[in-house]
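Participant: Note that the protein sequences, when read in sequence, are chains A and B. Residue numbers for the first sequence follow our numbering, so the first one is 127 and each next one is one higher. Residue numbers for the second sequence follow our numbering, so the first one is 16 and each next one is one higher.
Treat the hints with care, as some may be off.
These stretches of chain B come out as covered by chain A in the derived footprint (C-beta under 8 angstroms, 3 or more residues) [unchecked claim]:
id	region
1	47 to 53
2	92 to 102
So the derived label-pair ranges between C-beta atoms look like this [stated by the list, open to error]:
id	chain 1	residue 1	chain 2	residue 2	range
3	A	Ile251	B	Glu134	25 to 35 angstroms
4	A	His187	B	Ser92	35 to 45 angstroms
5	A	Leu249	B	Asp107	37 to 47 angstroms
6	B	Ser92	A	Ile251	22 to 32 angstroms
7	A	Asp188	B	Ala111	19 to 29 angstroms
8	A	Ala216	B	Ser70	35 to 45 angstroms
9	A	Glu250	B	Val125	22 to 32 angstroms
It is worth saying that the hints were derived from the structure and are not from the lab. Just so you know, even glycine gets a beta-carbon here, dropped at the ideal spot from N, CA and C.
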Amino acid sequence: MGEVSVIEEEEVRFEKPVVVEGLPDVGLVGTIAVSYLVDKLEFREIGYVESELFPPLMVIHDGELKSPVRIYGSDEGVLAILSEVAIPPAAVYPLTRALTDWFKERDVGFVVSITGLPAPNRLEIEEPEVVGVGNCEDAVTRLKEKGVELMLEGFIVGTYAVLLKECQKRGVPAVSLLAQCFPVYPDPGAAAAALRTLERMTGLEIELGELLERAEEIKLKARDLMRQTSTSLAEMQKNMEQDLPIMYR
Amino acid sequence: MLKKDIWAMWRHDGCLEPLYEMENRENEIVVTIDLPYVRKDDIKVYVTENMLEVSAEMRSAVSWERWGSIQRRITFSRFKKQIHLPEKVNPDEVSATFKNGVLRITLPKVRRHVPIKVE
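Assemble the whole structure, with the sequences as input and the hints as a guide.
Facilitator: Okay, structure coming up:
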């Protein structure tokens, strides 16, 4: 077995599918957003990702044994990638390589990563802003056309950053949507802001009322994953996202 | 960054340990604590020179059926956290606010930084 394997339990037959990735990161913005998307639009589980680099655990839901990193699909040709565990730093590169190889095999047309942008003043922000990063001209054009403000300078750190690069190497257009969020608290408000932007990017219609109504319950349930993720992100030097790059043009 | 705890974030006495963040600034320590399901009036904050204790009743108890490895119903009704402070603070000058489920406590330090003139 390679370091990371993508296992399809149901063959993917979509033409140029869109992938929405929500792996754990600051504020669990992507994880909360993508799990809500999967639940609300009734995606079905079509596969999973396995690796000896992941913690040696499985998840049990309704008595059924599941891998913590799973792939879902909808009839509209949207695939979603979710994880119920923090991605260990050592697994980031092998995971993103395996995923992007699979994207290429399945002729994925566009990848959207949803994540957070740590905002030290998040308490004062009522409506979190969402900025975008694209990995090619096509991706940047899509962001501009949908009115998403671009991140122009700075470091990006984490799985989504490497995923952008690996997609670029394989010619797969990809963007990351970063919503202002609490760095170390689960942030359903930021997830809602990111989903509004995802709606504009993909044409999906997502009713967000329940996400905001259940915000406190989500925060409570996501505490343990948030704690694991914060530890993992610290090892990835996530705090570098607050730094200024030295190069100037 | 979040403190790297090795114990579970819940206790058999019905208390949950909240997520928190501590920022050690020049003249003060700022602690924020995430407290979902909590009303402002149900928060209690105790401070000594080197320790902060927060407890907060949840507005309704939260139950999970067949919780994790213990496989039984478990109910939580309160958050509780003790935080050892990295420097001495003045308890009389501590202030706190609560907004959108996040408690923010500002603890002025006893030994403040004094600017020295460079000659």
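Participant: Could you run down the list of hints and mark each one as holding or not?
Facilitator: Here is how each hint holds up against the structure:
no., hint, in the structure
1, 47 to 53, "holds (count 4)"
2, 92 to 102, "violated (count 0)"
3, A/Ile251 x B/Glu134: 25 to 35 angstroms, "violated (44 angstroms)"
4, A/His187 x B/Ser92: 35 to 45 angstroms, "violated (26 angstroms)"
5, A/Leu249 x B/Asp107: 37 to 47 angstroms, "violated (25 angstroms)"
6, B/Ser92 x A/Ile251: 22 to 32 angstroms, "holds (30 angstroms)"
7, A/Asp188 x B/Ala111: 19 to 29 angstroms, "violated (42 angstroms)"
8, A/Ala216 x B/Ser70: 35 to 45 angstroms, "holds (38 angstroms)"
9, A/Glu250 x B/Val125: 22 to 32 angstroms, "holds (28 angstroms)"
Checked against the numbered hints listed earlier, the structure breaks hints 2, 3, 4, 5 and 7; every other hint is satisfied.
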